[in-house]
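Participant: Take the two lone chains, each set in its own frame, and fit them into one complex as the hints suggest.
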Amino acid sequence: GQQVQQSPTSLVLQEGENAELQCNFSTSLNSMQWFYQRPGGSLISVFYNPSGTKQSGRLTSTTVIKERRSSLHISSSQITDSGTYLCAMELWSNYQLIWGSGTKLIIKP
Amino acid sequence: EAAVTQSPRNKVTVTGGNVTLSCRQTNSHNYMYWYRQDTGHGLRLIHYSYGAGNLQIGDVPDGYKATRTTQEDFFLLLELASPSQTSLYFCASSGRGSQNTLYFGAGTRLSVL
Chain W
1 GQQVQQSPTS
11 LVLQEGENAE
21 LQCNFSTSLN
31 SMQWFYQRPG
41 GSLISVFYNP
51 SGTKQSGRLT
61 STTVIKERRS
71 SLHISSSQIT
81 DSGTYLCAME
91 LWSNYQLIWG
101 SGTKLIIKP
Chain G
1 EAAVTQSPRN
11 KVTVTGGNVT
21 LSCRQTNSHN
31 YMYWYRQDTG
41 HGLRLIHYSY
51 GAGNLQIGDV
61 PDGYKATRTT
71 QEDFFLLLEL
81 ASPSQTSLYF
91 CASSGRGSQN
101 TLYFGAGTRL
111 SVL
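Line by line, the protein sequences are chains W and G. Per our numbering, the very first residue in the first sequence carries number 1; after that it's consecutive. Per our numbering, the very first residue in the second sequence carries number 1; after that it's consecutive.
Chain G on its own, in the form it takes in the complex (with noise of 0.2 Å):
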């Protein structure tokens, strides 16, 4: 069974705070990917990699940095955290970018007050 881990599950952080979002999969998968999640928005692609070392720009990533150590770990980095990135987060990953499906973590949820 594929597995992606996402932590911490919830996350309580100031305006201009520092916050990282971390994500493990265990499914040997070359790609993995950061969403955010909002009503009425759907999901919008943050970054992706394709591989340890590599970073992809998704579709809304001002205010985020990722970081992609190993195949099993991608991080997301909010470095001046604003309270419009209070989103609820999905990493996934998937075993190659095109005709594959995505497995979804559990979802971080973070508020910036």
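Chain W on its own, in the form it takes in the complex (with noise of 0.2 Å):
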């Protein structure tokens, strides 16, 4: 079935250091997005990158559909960018979206 794998499950870095998030999906996709999630709270989008790259400040999404993957850039990462990231990827068939099980991301100052 379809299915997107998120990885690493979690990642603990120094404040300052750079963050590195993946995702793979085994299908054809319309779009991939990715969402940030704080510590039992909502989610918020932070890009939607049918492909190619995208910036936002800090952040960089680059989305490759030949290789069905997807990755979340976190320059010279902040305390404040703890949480969790998830990816979504958008199906052909349905659009309905396929998530993935997240990153959990802690900085440490």
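Heads up, a few of these hints could be off.
Unchecked claim - Here are some of the chain G residues that sit facing chain W, going by a computed Cβ distance under 7 Å:
#1 42
#2 43
#3 50
#4 51
#5 53
#6 101
No lab work stands behind these hints: they were computed from the structure. Here a beta-carbon is modelled for each residue, glycine too, at the ideal position from N, C-alpha and C.
Facilitator: Shown next, in the form of structure tokens:
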């Protein structure tokens, strides 16, 4: 079936280090979205990225459809970046989102 | 700013109890969704709707009913709650089903004892 694999499951970094989060998907997709979730909190859209590279401040998303992968890069991480990052792929067939299980990011001072 | 409001924020009920979770969006969006989030499973779609009176079945619909009374309001009903339905529930809206991001509510934490 359709699957989205996120890696790593968790990531602990020192403040100022860069973070690299990955999503790999097993089927054709229409687009990829990235969301940020605070501990116990709601989800906020970070990127809607069907293909190519998008940047917003310290965050960069790159989606390569042919290779069935998407990445989220956080440069110069800050403590406030801590939380869970989820990716979701949109299917061609019915436009529904298939979600990854998330990467829990912890930034230490 | 897109807004999705869920109520209640927390709910505790007993096995066999009835629960209604409410969601209102003021985004003028057509699509609304109910998800549950459990550790190790990510987000799973329960039901969704693309307009008032419309209901579509998601991936994990068993034990749940939903009703979209207006464009703004979407309700999730658990008529005979079970402990397996203990979860964090999110409502979301989007402007259309394809190529459009989702706006989420703050979530409802439900415990079924």
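Participant: Compare the structure with each hint and give your call.
Facilitator: Hints, verified against the model:
Of the supplied interface hints, the one on residue 42 of chain G holds, with its beta-carbon coming within about 4 Å of a beta-carbon of chain W, less than 7 Å. The interface hint given for residue 43 of chain G holds, since its Cβ lies 4 Å from the closest Cβ of chain W, which is under the 7 Å cut-off. Below 7 Å, beta-carbon pairs count as interface contacts, and residue 50 of chain G has none with chain W, the closest being about 11 Å; its hint is therefore violated. Checking residue 51 of chain G against chain W by beta carbon gives a least distance of about 15 Å; that is not within 7 Å, so the hint is violated.
Because the smallest distance between the Cβ of residue 53 of chain G and any Cβ of chain W comes to about 20 Å, over 7 Å, the interface hint for this residue is violated. Taking 7 Å as the C-beta contact cut-off toward chain W, the hint placing residue 101 of chain G at the interface holds, the least distance being around 4 Å.
Hint violations for this structure: numbers 3, 4, 5, all remaining hints satisfied.
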